[in-house]
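Number of protein chains: 2
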Amino acid sequence: MAEPDVKNGPEDVAEKLSKLTMGDSKVEADDDDFVDPWSVASKSATGIDYNKLIKKFGSSKIDDELVTRIEKITGKPAHHLLKRGVFFSHREMHGILNKVEQGKPFFLYTGRGPSSNSMHLGHLIPFVFTKWLQETFDVPLVIQMTDDEKFLWKDLKLDVAQKMAIDNVKDIIACGFDKEKTFIFKDTEYIGQSPAFYQNMLRVQKCVTFNQVRGIFGFGDSSNIGKIAFPSIQASPSFSSSFPQIFEGKKDIPCLIPCAIDQDPYFRMTRDVAPRLKYPKPALIHSTFFPALQGAQTKMSASDPLSSIFLTDTPNQIKNKINKYAFSGGGATLEEHQKNGGNCDVDIPYQYLTFFLEDDERLAQIKEDYSSGKMMTGEIKKTLIEVLQPIVKKHQERRKMITDDEIKEFMRPRKLKYDYSTKK
Amino acid sequence: MAEPDVKNGPEDVAEKLSKLTMGDSKVEADDDDFVDPWSVASKSATGIDYNKLIKKFGSSKIDDELVTRIEKITGKPAHHLLKRGVFFSHREMHGILNKVEQGKPFFLYTGRGPSSNSMHLGHLIPFVFTKWLQETFDVPLVIQMTDDEKFLWKDLKLDVAQKMAIDNVKDIIACGFDKEKTFIFKDTEYIGQSPAFYQNMLRVQKCVTFNQVRGIFGFGDSSNIGKIAFPSIQASPSFSSSFPQIFEGKKDIPCLIPCAIDQDPYFRMTRDVAPRLKYPKPALIHSTFFPALQGAQTKMSASDPLSSIFLTDTPNQIKNKINKYAFSGGGATLEEHQKNGGNCDVDIPYQYLTFFLEDDERLAQIKEDYSSGKMMTGEIKKTLIEVLQPIVKKHQERRKMITDDEIKEFMRPRKLKYDYSTKK
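Chains A and B, in that order, are what the protein sequence lines are.
Residue 182 in the working numbering is what sits at position 182 of the first sequence, and the numbering runs on without skipping anything.
Residue 410 in the working numbering is what sits at position 410 of the second sequence, and the numbering runs on without skipping anything.
If you're looking for bench data, these hints aren't it; they were derived computationally from the structure.
Wrong hints could be hidden among the right ones.
Any copy, or any two copies together, can satisfy a pair, since identical chains are not distinguished.
Claimed, not checked - DSS-like cross-link-like pairs, simulated, lysine-lysine; straight-line CA separation at most 30 Å: (1) K278 - K157; (2) K181 - K163; (3) K154 - K250; (4) K250 - K408; (5) K157 - K250; (6) K251 - K163; (7) K163 - K415; (8) K163 - K281; (9) K154 - K251; (10) K408 - K251; (11) K278 - K154; (12) K278 - K163; (13) K408 - K393; (14) K55 - K278; (15) K281 - K157; (16) K179 - K281.
In isolation and in its complexed conformation, chain A is listed as follows (with noise of 0.2 Å):
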């Protein structure tokens, strides 16, 4: 899936403002955000108005009672990404719930488009969750990696994206996903290796006009015709038919999609097309965005080595990123930071923990302390960096210890540890 870049939207943000509509939702202009696939843009320092977001898009806020559901149905503690509300939005999480309580079976599926050798931490949030989703319900997962989409969006080469492919792939697994539940597929492999898979991407093309890509886009006249077809090519993992060596034949097993919510757009699409190929619409699970170290309003660009923490970073250059970049919502002056405080909102440091730091009662002590003008802006960013340090280290010895042949298993389209016959 594309990560969020404005610099790679398709078309010109202004002339997308103005058009977005599509199927049973509209997105209307919006003098304040801007969010697509290609694009993210927000005027804000505490970065894109969610609930706003949820309201343009037509989905559904996850509030506590999902939350508690979760729980109850799972007989475990929700994710901390989900209590905080990295995951916010959702569609139709309640109906995969339903199943679960039914015994049915459901399968996961998220993905990534590989855009540069090194992911950096933002990267890493769908799949922590996905692998949470994934041991939390045992269901299994599959992984799509749009090496096809960043040939046809990107100038490069096909063999690079592939190669980029594969080492995003790496990075994948050392989330530490199970093998035997897993299965990562590059496009430009797997759709020439499975004629399901190309018969369900013209079954959704077929369903499909330009006019409704241009307005759920904003392709153009001058867009190349890969571009034009490709949502068809994300839209159909999410139909169990895509994967018949896993699905063992069976079109209705439904699918949920934890994703950042600038893929939206395509699962809309895909939600629209759904009946009319008599399969479920996949359910999905939103994220906010990962912020760039510089703040909110900034993007986060993986070809702007100083705008994020990459996963290949030693823990010195973790340490200088933090230290040097950081965006502080602390007080200009320590006289004014004891005074009024730091603002949590748009405190980069403070935002990184509530992803990367588990222990809830420590973020809540270090918000008071934060927000009262008792911790200072050196003493959140070193809280962080400690953090950080050795999740980044522990990513990098696991990817380490990977082989070719165990990426090579996981990318074998092959039946997943999943009985599908005893599921009612």
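Got chain A sorted already, so can you dock chain B onto it with the hints?
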């Protein structure tokens, strides 16, 4: 490939007339004829003006010099479809002959869009000629069945299109292709079996914009996105790298495409794109259209059983159709016919004989006798019936003998019998 069928044009023909334009060649609006992959329309009783079409499309006329050169290089007499101008136009045929003289390899590519369970006589023409090319030049051949195209364009389900493709494959095999040198594939299967093919589709897609396919094919805002991307699928078999199993990974083996002239827009686009992919441009050899029984300016439709002779027709059906429906260029009365003679330019029995009566001398005699009024309409119809009945009968006998295993073998991605290493 699409067969000419006015009804299946994706957009309004008049609208297309005003905007057809493509790459290096310009297709201007014309008062008389209209030709594109879905529409062939002529107001003249003699049908399309092919000399005008050559100018419009920017191809080259097949002249005596080219025919003589083919005979000289192959040491064999030219096929009657070539001598008689049924194959009348080409692109870079001399380039292919240069390769042959240099002892360098090339391959043949043709195809069919399966549109009904049964093919008619006209559908045989490109295959009859392709078989002769394969035998004469001793080269490998790939045949694309665009069942995906038919699914995207027509109101039918994917499995119906796939079934039609297999039915048509039987008729194609019955033409007598060499199993060891021929690979027949349907898109909905082969694309899902060949990462190399899909990757070439992507490469073509990246080079072609919506603007371009709108200009070439008349696609519009309400065209589905599968149609818009489809030209990349018909382009890809032009490149040897789409068939690594046949060409041992070689990317530079040139391709010769025998096809009806209405398919040329696909390959003008392909030739435009090829240099950017560093692939050789495909060469082409174009045929005229096979006229409908009712005359050259009417359309022949696979869905109208009376407009053509089907490969499933009985001897009696053939006889009755020709006697009842074949448009006659003879005089209105016996007296008038004896006085003015018949007009071979519009007479369908004579036209059909030029396609199917191999004996040059006999054909010339018939032309003389009919034009002079010595031969009656009933006689020329009888001659045609006597020529076609055994052709169709033999075809049916050969078709009946084709086993499922044989079809499987023709359609199995595999190495073909052709040794590239011995070629210079």
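Hints the structure fails to honour: none
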